Amino acid sequence: MKTWKKLLLWIVILPLLFFTAAGLYLISQKDELTQKAIADYSKTIQGRIEVAHTKISPFENFPYISIDLQDVLVFENKTTNQAFVQIEDAYIGLDLLKIIRGKFDIKAVKLAKGDLQIIQNTENEYNAVTAFESLNNQEETSSENESLDYHLKKIKLEKIHLSKLSLKDSLQLDAQIETATSQLKSLDNQIKIHLDSDLTFNLINQQDTSFIKNKQMELHTDFLYDLKGSKIDFDKTQVEVESGVFGMSGHIDLADEVNMNLKFEGQKSNFDLFIALAPEEVSEALQIYENQGDVFFEASIKGKSINGNLPLVEARFGCKNGFFDNIEENKKLSDLNFLGSFTNGSERNIRTSEVKIQNFSASPEAGIFKGNLRITNFESPEIDLELDSDFDLNFLTGFFNLNDLRNLTGQVDLKMKFKDIIDLENPEKALEEFNQAYFASLSIKNLNFTTDSYHLPIQNLNIQAEMDGQLTTIDFFKFQLGSSDLSLKGSLTRLPDIIHQTNKAVEMDLQIVSDFVNFTELTSTSEEDENIFDEEIDDFKTKFKFQGKANTFLTSEILPIGTFYIEELNGKFKNYPHQLHDFFARIYIDKNDIKIEDFKGMLDDSDIHFSGNLTNYPILMNKEKEEGDVVFDFDLDANLIRLKDVFSYGEENYVPEDYREEVLREIRGKGSIDLHYKDSLVSTDFNLDILKGRMRIHPLKFNDFKGNLHLENEQLSFRNFSGKIGKSKFSVSGNYYLGKDKDFLKKGDIINFKASVLDLDELTNYKEPEPDEDGKVDHDDVFNIFEVPFRNMKINAAIGKLNYHKYLIDNFSSELRMQDDHYIYVEDMRFEAAGGKVALAGYFNGSNPDSIYMHPDLKMQEVDLDQLFFKFDNFGQDQMVSNNLHGVMTGRIKGKVLMHKDLTPYIEKSNLTIDVSVKNGMLENFEPMQALSDFFNDKNLNKVFFGSLENRLELKDGSIVIPTMVINSSLGFMQLSGKQGLDLEMDYYLKIPLKLVTQVASRKLFGSKKEEIDPEQEDEIIEKDLSKKTSYVNVRMKGNPEDYSISLKKNRKEEKGAKAFEKDADFLFDDIKIKKFSL
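In the UniProt record's numbering, the protein residues as written are 1 to 1079.
Quick caveat, the hints were computed from the structure, so don't treat them as lab data.
Remember, it's a predicted structure, so these values are computed and weren't measured experimentally.
Honestly, I wouldn't trust all of these hints.
As the list claims (entries may be wrong) - Straight-line alpha carbon distances no greater than 27 Å define the calculated DSS-like cross-link-like pairs of lysine-lysine that follow:
(1) 213 <-> 168
(2) 541 <-> 504
(3) 164 <-> 110
(4) 1049 <-> 979
Claimed, not checked - What follows is a list of derived Cβ distance ranges for each label pair:
(5) 623 <-> 453: 18 to 24 Å
(6) 545 <-> 623: 28 to 34 Å
(7) 545 <-> 719: 37 to 43 Å
(8) 453 <-> 53: 44 to 50 Å
(9) 678 <-> 647: 21 to 27 Å
(10) 743 <-> 902: 33 to 39 Å
(11) 195 <-> 591: 54 to 60 Å
(12) 678 <-> 112: 46 to 52 Å
(13) 680 <-> 591: 33 to 39 Å
The beta-carbon is built from N, C-alpha and C at its ideal position, and this holds for glycine as well.
Model the full structure from these sequences, guided by the hints.
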């Protein structure tokens, strides 16, 4: 028993020891063995082989032990760095018994995860063949390799990508091999091979995979390979393509330039054979149909296939009594019959290839469909087509599952005869070699349908079109879309020349007519659609014409080259209540430029005419924008433009009210629009070289308009935009942000305005407001600027001469700051007016547009009162207070002023402090002074002169309060205090020195003569100086200039401590600096 156990133990241990010993030996020798073998072999061939690493994989090719060659690369020659074979793992299976005897016999090969790229050059040489060509005339085998025998039993491929590319015609065969397993059996000078493979196949032509794409294929075959004759004989071969099964038989003689003699055949009772060979999209669509028919397919490949040789390929295919049935829709296409054939001809190339489909016929439910097709010479295809069809459109929607189309009704009648040669290399020469024949007639009657892709139904579509030889005509193409209607008709000459790209002249005419187009309905695709175009047009009609060379239609990447005409354009809009008429345009289109030679038309009785050039227009139309500039140079003129016609829409008129009825005449303009692109639109420049004309209602000429507008990153920049209107000459520069970024909006805009002359009265055709029946002017029945949105903005202005409502102002400068909360800050405003200088600072508060306040700090220096007009509200009408008062005034006004909507001060509800100094003053024809004639009967009371007058007045509650002040006048020395209302109601207190009072006045005032006054009577004494006292007569003047009274009365407020005016350090200001205007 113990002996038995020992024997069993040795039986187990010895093989393990043997296997281990062999493995250790192989491990110790693998690197040296493989690298040396590969290096030696590489020396004998044109190419070279590299292996990155090796390791032992005992079970990959079990029962053989394998060497795993990792990252195997094969190169076409010794110098190239681009490998055409890349294999992650190449497992070489070796027999262990023979390894022990020192003989390395390869029994199995497995390639896993790799890429093989076979390239056929223009000389029909293959890189794979070139790489393994011997460097010696006779094969030499080194002594080290004599012990290497190749007795393969099996070959296996896993996840190998194989491609073969022909550089001659860019045809590429592409296969992704998931698995391929072969079993090899050696016979006398022959190898019997069984092969099973599973792969995905693509046929790529010029990077196009539309025909054979992602075809799942299986190949199951047994073939015999003759080692001496290098010949392959196929037996029991089956090729499966998708659901189609084809049989294959024949042989390939590899020694005779790969001479092939192969036959393929398939026969089924349905269309699986054709569906399998159809493009992916077509085969997927056909899977939903039940189909049946006597279908057959036969093909053969015969002849040599390398070294410049091509085999003969011939095929026959057809169907009898076939049908396709869409069961879901209960629509059936029956009686399907055709017979087809294909050959690559005598020269075995595309030039001699021919395909025929004869006696094709099918029967829809209602109608007919039949035709014949023959195409020869695929290099310059000669096409001969006959087609006759008449069917009901409702059948199409059901049969083809056109679910997007519903309620489709109508009838189609199509007849076609086509015979032509299309030379793909030289299309213009085809017509010289062949007498083409074209005829087609298309008739569509009463087509109606609805679709999910559009919200309105297509109704009553009717088409009648015909192509006969050189002339294609559309007799009518009309339909209804919702409530809109459209009708087209036209013609096209020389359609064959367009196909063949000759240089003959082609002309296209198109006329479009509509009684009514409702754009609002057409663009209202949803309730939330922001792209609704709210407009309707009646009696629309337009005519177009195009003339050009036939060879530009298909070769032009964007627009056909030639001359485009607009011969007619008429229509009447609803919301834009005007009529287009008498339009004409002649436009020359070139490869890169468009020239508009004559574009003119009328809007009501306004006219426009312009010409121009558009350069580099392809940049506009390409999705991927190239770097470059698109420039549109224009030159326009017009005899008459009514602004209300051009700039009004619906109930909105976008022209300022003063100009809404304006008519422009004799207009001339010239400039350019430059679009700067770099991947996308970077910036836009509008350059105006000249704009001039004249106005009728504002009888002014405008000319010398020029400048630049630059738009970039939503920022609009004005660059020296200048012009002249009448006497006004001005320029504008600055920046204006058009976007919605809050940071940029907060930062604000800058506008710089400069004018040597600005006559606002002339520009606005200003006329004094007409008072109402009560003689009042309503200052609030006007446009209120504070009711419109404000934005943060700085406005700087410099004006040499300014005329505003008859105010003549020189050297005007201002710095304004506007805020989005409806505040306007006057940072600084200075100007010369009325012979003096004026400076203003402060701000407007318009946050409540019904209650606008100004907080001014107004300074006036040495202003001539004869030229100065103060505007204030007095029962609704403007009053001038300089009719009676003359002199030179310096003053300062501070406080709070309520403004009317036309920015006229509402004095009655304003509170102001007024510092005033008047020099060389005169009071002229002031009626109340005549009441003092008894006091000063020896003086001229019509002109009362006074040397100087200084006071600090206060405007409060609608009255001007006058503190006591001393007046040195031509009447003599006196004091004045009191108040005056804005209605001219006055309550003045005068203190007249007693010595100035005449005897007549004394008797009136005191009832006795002057000398009869008690000399001891003590009256109020006002000291003129420290050494003298003066006796005064206290007089009160009350009323208005037309109805007043004078009496003796003291100002009791003075008795109660009211202070007289006392000049302090804050009175008035230093000299105002005015900067002279300069360009």
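Outcome of the hint check:
no.	hint	in the structure
1	213 <-> 168	holds (22 Å)
2	541 <-> 504	violated (30 Å)
3	164 <-> 110	holds (21 Å)
4	1049 <-> 979	holds (15 Å)
5	623 <-> 453: 18 to 24 Å	holds (22 Å)
6	545 <-> 623: 28 to 34 Å	holds (29 Å)
7	545 <-> 719: 37 to 43 Å	holds (41 Å)
8	453 <-> 53: 44 to 50 Å	violated (59 Å)
9	678 <-> 647: 21 to 27 Å	violated (35 Å)
10	743 <-> 902: 33 to 39 Å	holds (36 Å)
11	195 <-> 591: 54 to 60 Å	holds (56 Å)
12	678 <-> 112: 46 to 52 Å	holds (49 Å)
13	680 <-> 591: 33 to 39 Å	violated (23 Å)
Comparing the model with each earlier hint shows violations of hints 2, 8, 9 and 13; every other hint is respected.
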